[in-house]
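Start from chain A and add chain B according to the hints.
Okay, here's what each chain looks like letter by letter:
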Amino acid sequence: MVRFVVRRLLQMVLVVVVLSMLVFAWLRSLPGGPVSAILGERQTEERRAALEAALGLDQPLPVQYLKFLDRAVHGNFGVSTKVLPGEDALQIFLDRLPATIELSALALLIAVALGIPLGYMAARRRGSAADTGAVIFSLVGVAVPVFFTAFLLKYFFAVEWNLLPVSGRQSTGLDATRVTGMFVLDGILTREWDAAWDALKHLILPAVALATIPFAVIFRITRASVLDVLDEDYVRTAEAKGLTTKVIRARHVLRNAMLPVVTTIGLQVGGLLAGAVLTETVFSYQGVGQALATAFRDKDYAVLQVLILAAAVIYVLVNLLVDIAYAVIDPRIRTR
Amino acid sequence: MSPRRTAATLAAAVLTAATLASCAESQRDDNSEGGGDDGTFVFGAAGAPEMFDPFYATDGETFRVTRQMFQGLVGIEPGTAEVVPELATEWTPNDDGTEWTFELRDDVTFHDGTDFNAEAVCANFERMFDQNEAGQTAGEYWGYVMGSFKNDAANSLYQGCEATDEFEATISISGPTSGFPTMLSLASLAMQSPTAMEEGDANGIAAEGEGFSFPDYADNPVGTGPFTFGEYDEANGTITLERNDDYWGDPAQVSELVFRVIPDESTRRQELEAGSINGYDLPNPVDWAGLEDAGNSVEIRDAFNILYLGLNPEANPQLKDLKVRQALYHALNREQLVQTQLPEGATEATQFMPDTVSGYNTDLQPYEYDPEEAKRLLKEAGAEGMELTFAYPTEVSRPYMPDPQKIYEALRTDLEAVGIKVNVKTASWNGGYLDNVTAGRYDAYILGWTGDYDSPFNFIGTFFGNLKENDFGTRAYPWGQQLSEDLKSADAIVDDEQRAAAFEDINQQIMEDYLPGLPISHSPPALVVGPGVDGVVPSPLTAEEFASVSVEGGQ
Numbered sequence: 001m002v003r004f005v006v007r008r009l010l011q012m013v014l015v016v017v018v019l020s021m022l023v024f025a026w027l028r029s030l031p032g033g034p035v036s037a038i039l040g041e042r043q044t045e046e047r048r049a050a051l052e053a054a055l056g057l058d059q060p061l062p063v064q065y066l067k068f069l070d071r072a073v074h075g076n077f078g079v080s081t082k083v084l085p086g087e088d089a090l091q092i093f094l095d096r097l098p099a100t101i102e103l104s105a106l107a108l109l110i111a112v113a114l115g116i117p118l119g120y121m122a123a124r125r126r127g128s129a130a131d132t133g134a135v136i137f138s139l140v141g142v143a144v145p146v147f148f149t150a151f152l153l154k155y156f157f158a159v160e161w162n163l164l165p166v167s168g169r170q171s172t173g174l175d176a177t178r179v180t181g182m183f184v185l186d187g188i189l190t191r192e193w194d195a196a197w198d199a200l201k202h203l204i205l206p207a208v209a210l211a212t213i214p215f216a217v218i219f220r221i222t223r224a225s226v227l228d229v230l231d232e233d234y235v236r237t238a239e240a241k242g243l244t245t246k247v248i249r250a251r252h253v254l255r256n257a258m259l260p261v262v263t264t265i266g267l268q269v270g271g272l273l274a275g276a277v278l279t280e281t282v283f284s285y286q287g288v289g290q291a292l293a294t295a296f297r298d299k300d301y302a303v304l305q306v307l308i309l310a311a312a313v314i315y316v317l318v319n320l321l322v323d324i325a326y327a328v329i330d331p332r333i334r335t336r
Numbered sequence: 337m338s339p340r341r342t343a344a345t346l347a348a349a350v351l352t353a354a355t356l357a358s359c360a361e362s363q364r365d366d367n368s369e370g371g372g373d374d375g376t377f378v379f380g381a382a383g384a385p386e387m388f389d390p391f392y393a394t395d396g397e398t399f400r401v402t403r404q405m406f407q408g409l410v411g412i413e414p415g416t417a418e419v420v421p422e423l424a425t426e427w428t429p430n431d432d433g434t435e436w437t438f439e440l441r442d443d444v445t446f447h448d449g450t451d452f453n454a455e456a457v458c459a460n461f462e463r464m465f466d467q468n469e470a471g472q473t474a475g476e477y478w479g480y481v482m483g484s485f486k487n488d489a490a491n492s493l494y495q496g497c498e499a500t501d502e503f504e505a506t507i508s509i510s511g512p513t514s515g516f517p518t519m520l521s522l523a524s525l526a527m528q529s530p531t532a533m534e535e536g537d538a539n540g541i542a543a544e545g546e547g548f549s550f551p552d553y554a555d556n557p558v559g560t561g562p563f564t565f566g567e568y569d570e571a572n573g574t575i576t577l578e579r580n581d582d583y584w585g586d587p588a589q590v591s592e593l594v595f596r597v598i599p600d601e602s603t604r605r606q607e608l609e610a611g612s613i614n615g616y617d618l619p620n621p622v623d624w625a626g627l628e629d630a631g632n633s634v635e636i637r638d639a640f641n642i643l644y645l646g647l648n649p650e651a652n653p654q655l656k657d658l659k660v661r662q663a664l665y666h667a668l669n670r671e672q673l674v675q676t677q678l679p680e681g682a683t684e685a686t687q688f689m690p691d692t693v694s695g696y697n698t699d700l701q702p703y704e705y706d707p708e709e710a711k712r713l714l715k716e717a718g719a720e721g722m723e724l725t726f727a728y729p730t731e732v733s734r735p736y737m738p739d740p741q742k743i744y745e746a747l748r749t750d751l752e753a754v755g756i757k758v759n760v761k762t763a764s765w766n767g768g769y770l771d772n773v774t775a776g777r778y779d780a781y782i783l784g785w786t787g788d789y790d791s792p793f794n795f796i797g798t799f800f801g802n803l804k805e806n807d808f809g810t811r812a813y814p815w816g817q818q819l820s821e822d823l824k825s826a827d828a829i830v831d832d833e834q835r836a837a838a839f840e841d842i843n844q845q846i847m848e849d850y851l852p853g854l855p856i857s858h859s860p861p862a863l864v865v866g867p868g869v870d871g872v873v874p875s876p877l878t879a880e881e882f883a884s885v886s887v888e889g890g891q
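Protein chains in written order, with this note's numbering: chain A, 1 to 336; chain B, 337 to 891.
Chain A with its partners taken away, still in its complex shape (with noise of 0.2 Å):
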């Protein structure tokens, strides 16, 4: 197991090299550039030329990647051109990543603990008018756009009903006191109630419009995996020897069944940092996505190279993690 995980772990460094030329080549072949984004209407040749030599853009590419290697082999992944200007890209992301972990980890939680009781009870009674519902239900979810099911969410919920916040994280004025910059859980930490539930209230539809599609999914695949299990001959077996349906439901069904769903969690996790580009623009939210949003369209290359990378690493990690969980849950794994 040690073994597994030394060896997949020194993969995601080689990834995270290869990627980080390919994400430093591909940036900087795109149209545009930051001199633009800085300068505006306001460019001239002899203006572009002076911004792009202070900002080191006039070297050969080659030079500009080893220049880029060796800061970032010391730590230090460039400095923001439009996001932030000045602040360290790193810091800007580590800034940020609070407020994204907060947010996908309430989604990821809604999308899990409505997709897998109702893939599971769907499949229970296959074919019913119940069932039908929510396959019908969660095509829609797969298939709606995320910013489309903010606005209506939005437009429903906080401008009609004025139930709940439109966008941002916290209501202005609120004097909170920061730990870790998950407003929710800083809330808890200091028992400030207040400031835990105003949090919570900003996070809600921002949440429900990013679980929208995982939901889907893992819905889906719970439903699937579940009717596969259900046809199993040890299924038959275990009824046949008289076992409690109970027994049966939780030894046999669900654990078998999971293998899959717990694939597709992790899969999505990746999906959600995608989903949060779109969800936290669409909210006003200031995460690690809209910060994603605004470095591309700023083309703030420092910005936009530690976020990207930093999404590799994430998405190698959990990978990493859904195997490890394969391996607890189905102990054959382990002797490969």
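Keep in mind that a hint or two might mislead.
Covered stretches of chain B (chain A as the covering partner; in silico rule of three or more C-beta atoms under 8 Å from a C-beta of chain A) [stated by the list, open to error]:
#, stretch
1, 438 to 452
2, 598 to 609
3, 638 to 648
4, 768 to 774
5, 821 to 830
Example chain A residues on the side facing chain B (calculated, C-beta under 10 Å, incomplete) [stated by the list, open to error]:
#, residue
6, Pro31
7, Arg48
8, Ser80
9, Asp131
10, Phe151
11, Gly173
12, Glu232
13, Ala238
14, Glu239
15, Lys241
Don't read these hints as lab results, they were simulated from the structure. Even glycine gets a Cβ: it sits at the ideal position worked out from N, Cα and C.
Just chain B, lined up with the frame of chain A:
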């Protein structure tokens, strides 16, 4: 889970949600957003400020915030583009317009208690003038208006500052220009506390990696204005300013001014509808009527911008023929464009500057829409069926072009109607469009400009003054050199009236003899405030001062 238990769980979940919702409502109701005696004004900003030291800043979102905290020697009369006294009470030039003596207010202190006097003024100018290499690139506005910095003093408009008395400072410039002292109203050239700048190492900017790192001062700025810097809560996207109780002028009406960063325009509108912000900038023109109907007030600014169709004779030599350029202009039905695609209050342009700028020529008439004349001119020029590579930017909305694609479509239809074959090109604003325009890759493109201050040179000088580098390719015309020189000599006339007359002549020449591009329209940008908000004076320069704003009910 048995069906019964599932039902129970679901019921509990629904109940919890309902309770949550009702609590949410009551919470919201007693969550007064203000903290002080006279309430808080919460404004939705489209972007985050880049920093708080306006000297190194270039963008409107930063200036919107710094303008509430900093002041210049000269200011702008609210609601106009006119220059008025601010920290200086009056100014007089010597005969040749190269030495300007400013009489200063004697009752002003910076937020940190430092006295404002002639020495502070000179300390500011010397600070702006004496920049290291990184600072010279980042201090873009100084470079733009003054030409260069201390290491290239000979080419700088600024030549020195002397404290001739405690409250009298004399600034020397290399030659007269229409821009001085008007340019001192620029947010970037505002007066900052010399003590705070020294303590915070204000000039300690450095190139680092692919950006600039800024000193502590950039986050802790100290000015003289009606608001002081409170806090930038980056995690929540809010900037809080507090009322300066020792302000030398009329104190601010609200005790707190909060800017909330909400990049998405429809979210800004929804926040206003939900009552959680008191106003926001640049509402979409299609929403104006709806916003008004809902009890908000849409404050329309006077247009201080120009939208034009840029033409590049270097990319398409057929454009070198004046008849071709005139034909294109006659082909465009700008009246219809203005009425259907641009916000209420937009007007057809008759020249490359709006009518609020001195030097505007009132005798010029809009080019007539005459497709037959266009066809005739094209035939005469032997350019029938000519091809035109015509570009517009995507993913952008500017005050002078709310929807570039729609404007492009309208123009293209008109051009095709007279037999011109249009090849479309698009690129996103920061994703190649501006680069391509600068590099001269398009025959025709739509672009525009919002003025920095009331100066004709800030419009036509920017467009055509630099012969070597302008997007209109005037170097390819026989008259390009002449136009560039005429602009510079007009700009150097000391007498206001004579200077204005000279610019009026140039405007006429540009439109009748040269026509380097086709000016299209001026669009008034708007901002919107919710019910109960009073005292917003819309500024053509989008330089609103929020000290005069009050919020009913102390939200």
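Here is what the structure says about each hint:
1. 438 to 452: violated (count 0)
2. 598 to 609: Answer holds; 8 residues pass the 8 Å Cβ test.
3. 638 to 648: violated (count 0)
4. 768 to 774: Held - the stretch 768 to 774 of chain B has 7 residues with a Cβ nearer than 8 Å to chain A, which meets the minimum of three.
5. 821 to 830: This one is violated; 0 residues, fewer than the three required, reach chain A with a Cβ under 8 Å.
6. Pro31: Interface hint status for Pro31(A): holds (3 Å vs cutoff 10 Å).
7. Arg48: holds (7 Å)
8. Ser80: holds (6 Å)
9. Asp131: Violated. Min distance 13 Å.
10. Phe151: holds (7 Å)
11. Gly173: holds (5 Å)
12. Glu232: violated (21 Å)
13. Ala238: Status violated, d = 19 Å.
14. Glu239: Constraint on Glu239(A) not satisfied, violated at 18 Å.
15. Lys241: Since the shortest Cβ distance to chain B is 22 Å, the answer is violated.
Of the numbered hints stated above, those contradicted by the structure are hints 1, 3, 5, 9, 12, 13, 14 and 15, listed in ascending order.
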